[in-house]
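Sequences listed follow chains Y and H, in order.
Just so we're aligned, residue 66 is where the first sequence starts under the working numbering, counting upward by one.
Just so we're aligned, residue 66 is where the second sequence starts under the working numbering, counting upward by one.
Rather than coming from a laboratory, the hints here were simulated on the basis of the structure.
Be a bit skeptical, because a hint or two may be false.
Copies of one chain are not kept apart here, so a pair can be met inside one copy or by any two copies together.
Within a straight-line C-alpha distance of at most 30 Å, the following computed DSBU-like cross-link-like pairs (lysine-lysine) qualify [to be verified]: (1) K375 x K83; (2) K113 x K295; (3) K113 x K94; (4) K138 x K115; (5) K295 x K94; (6) K375 x K295.
Protein chains: 2
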Amino acid sequence: MSVNANVEFSTRSRPTMKEVAALSGTSLKTVSRVMNQEAGVSPELIKKVKQAALSLNYQPNFTASSLRRSDGKTNTIGLLLEDVANPFSSALQRAIEEVARDRGVAVLAGSVDEDSARERELAAAFISRRVDGLIVVPAGHDQSYLQIEKQSGTPMVFVDRPPSLLDADSVLTANHDGARLGVQHLIDNGHERIAYLGDLATISTAVDRLAGYRDALERAGIEFDPSIVKQNLRASFEAEIFTNELMDSDYPPSAIFASQNLISIGVMQALHRAGLQNTIALVGFDDIPMVELITPGLTAIIQDVSGLGKTAAELLFDRIDGEQLESQHRVLDVELVIRGSGEIQGPVRHS
Amino acid sequence: MSVNANVEFSTRSRPTMKEVAALSGTSLKTVSRVMNQEAGVSPELIKKVKQAALSLNYQPNFTASSLRRSDGKTNTIGLLLEDVANPFSSALQRAIEEVARDRGVAVLAGSVDEDSARERELAAAFISRRVDGLIVVPAGHDQSYLQIEKQSGTPMVFVDRPPSLLDADSVLTANHDGARLGVQHLIDNGHERIAYLGDLATISTAVDRLAGYRDALERAGIEFDPSIVKQNLRASFEAEIFTNELMDSDYPPSAIFASQNLISIGVMQALHRAGLQNTIALVGFDDIPMVELITPGLTAIIQDVSGLGKTAAELLFDRIDGEQLESQHRVLDVELVIRGSGEIQGPVRHS
DNA sequence: CTGAAAGCGCTTACAG
DNA sequence: CTGAAAGCGCTTACAG
């Protein structure tokens, strides 16, 4: 049974300020004053207007007011994420929402899916809706298309990956240093033959992490061996396959550095299946869910995803508030969390 | 070094159709015709207008056009989720985005956090921005505040949980039948003493799953024992604690039904820590990530989260397109995925 | 303290 | 095929 069968299909159009004015016997301008809580309206008129608004169920039209208002703000920002469904993106979105919420700002979000055409479409869609600012995890390698938009006064902040061919704010993780730290940890535990399994070589974070890996090897005087380095792994199962190949090879590594959580998962699956999880050391970049249930626990380089989102949102709102600074570039530190997999000892004896 | 140091701080205001008209020597209306690809403009004028638009970097203002257009559509919908950061919500968001994307519709999303005040605030924020429709995972127990909005012609669809005190479309999972199926599976494997660990008793899905549990027991002639039933578990660690209590009790259950993935994780942690993961059977509602790495694998009732989002979005767009149907109520089937934890045999012998 | 007029950037409804 | 006028729902700038 319908709760309100009698009104089910009646569609009254939405009341306007003009109608509220008519019902309350005042002017449009007075209604506007009351709705915006401007000072200098007599208590009687305030009461009348509020009553009329209530009885008509008046709901202010924020898009109309934003069109006319001198600041032109829509109190809406746009978020371009890798994929709203992946844990990194959604943690980012959550942290940004938190900052936006406190300011009465709504958040438009979309998935770029590592597709530069999609990135431009989404940016255009948000711009045509006149968002007050943009937070972007870029997929393409040329953000110059946003130059005009930036000059037109739309603040924008890049997160996780820096913009290319565009000078703008960015908030990044210490990818190079983080990877170096992780590989250094394996070296400290007696490993020399350390494989590297990485993401798409077109993603800047993957490039930086590989550089960090090489840096750690170089500092320890270990030669770089391309045969135990694999990039462009796009899924856990690809990492699993390459791990199997490594283990079946003539000269397998004693340790693995996984540049990303999906890759860590693939490596762990391969090691578990081969019964090598307590033999081959593993350090991963990024945390994985439910890490407590797996033995040995994953030793990992953890990034501050909430911090990335919060910092990006704060920078963005500073710009929206009119601050005119040079481009800001923030780099957030990582943390090495020790859980067992990275402390499996390697063959090298340190004195 | 800045890529464009010379223009860094110059903020040109955004060009309007009027300016494009002036530059191209045509009228505002002709520019509007060209931008909207209306038929009946001479090729020469089209060319002139396009050139002028390009040289001014004209970007259409969709909010302004939506204010004037007769359909009034903003091509934006609003999503009220439990928490954009949780996997269920973000999978839902992703599926909805997919459908919206094909129609050129942008998605506003926000987290309700099981807070009914927050639910109303978010709904109001989206409504004041004149979204074309709302998809809601309700937290509160009274959605009558949306009645007026619904009558005003804003389509809305409820997902995962039905609306209360409001007649509207809904897309739900078969929670009762799914839970019954899971508990039935444990009974079929020889269990009679089956504990139930559930979420907040104010959430309708939790209520339905508990009812499904009781239904399965009743059908098998097993008496309901409140001492091994716990509701209102809000985190994995709470489920872990209660599992420990169960195991330490005088008459522990031989099997556990976990009504939700966070609870499954807590139970698994407790069982693993006690070394009982191959002794006590477990079936969970909802999948957990990385299930492949854990032994025994979690036997689970899997819901079609993408299907929920896709169906909800399709229903919503049907309404936005003007279909005037009675309220639609869809219920999506679940699947029992067998992975080992639910097939641990209980004490009862079936002939 | 209150309100009539103009205008935000567009589209609609008309007229030529 | 083209354009001048009016108006979407509001706020601004001004006058009383």
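Right, here's what the structure says about each hint:
1. For the homomeric pair K375 and K83, neither the shortest alpha-carbon distance inside one copy (41 Å) nor that between copies (39 Å) is at most 30 Å.
2. For a Cα distance limit of 30 Å, the shortest separation of K113 from K295 qualifies neither inside one copy, at 72 Å, nor across copies, at 52 Å.
3. With identical chains, the CA atoms of K113 and K94 are at most 30 Å apart within one copy only, with a shortest distance of 14 Å there and 41 Å across copies.
4. Proximity of K138 and K115 under a CA criterion of 30 Å is satisfied in both settings, with 25 Å inside one chain copy and 28 Å between copies.
5. Taking the shortest Cα distances, K295 and K94 never come within 30 Å of each other, neither inside one copy (67 Å) nor across copies (58 Å).
6. Taking identical chains as interchangeable, the C-alpha atoms of K375 and K295 are never at most 30 Å apart, the minima being 33 Å within one chain and 37 Å between chains.
In summary, the numbered hints that this structure violates are 1, 2, 5, 6.
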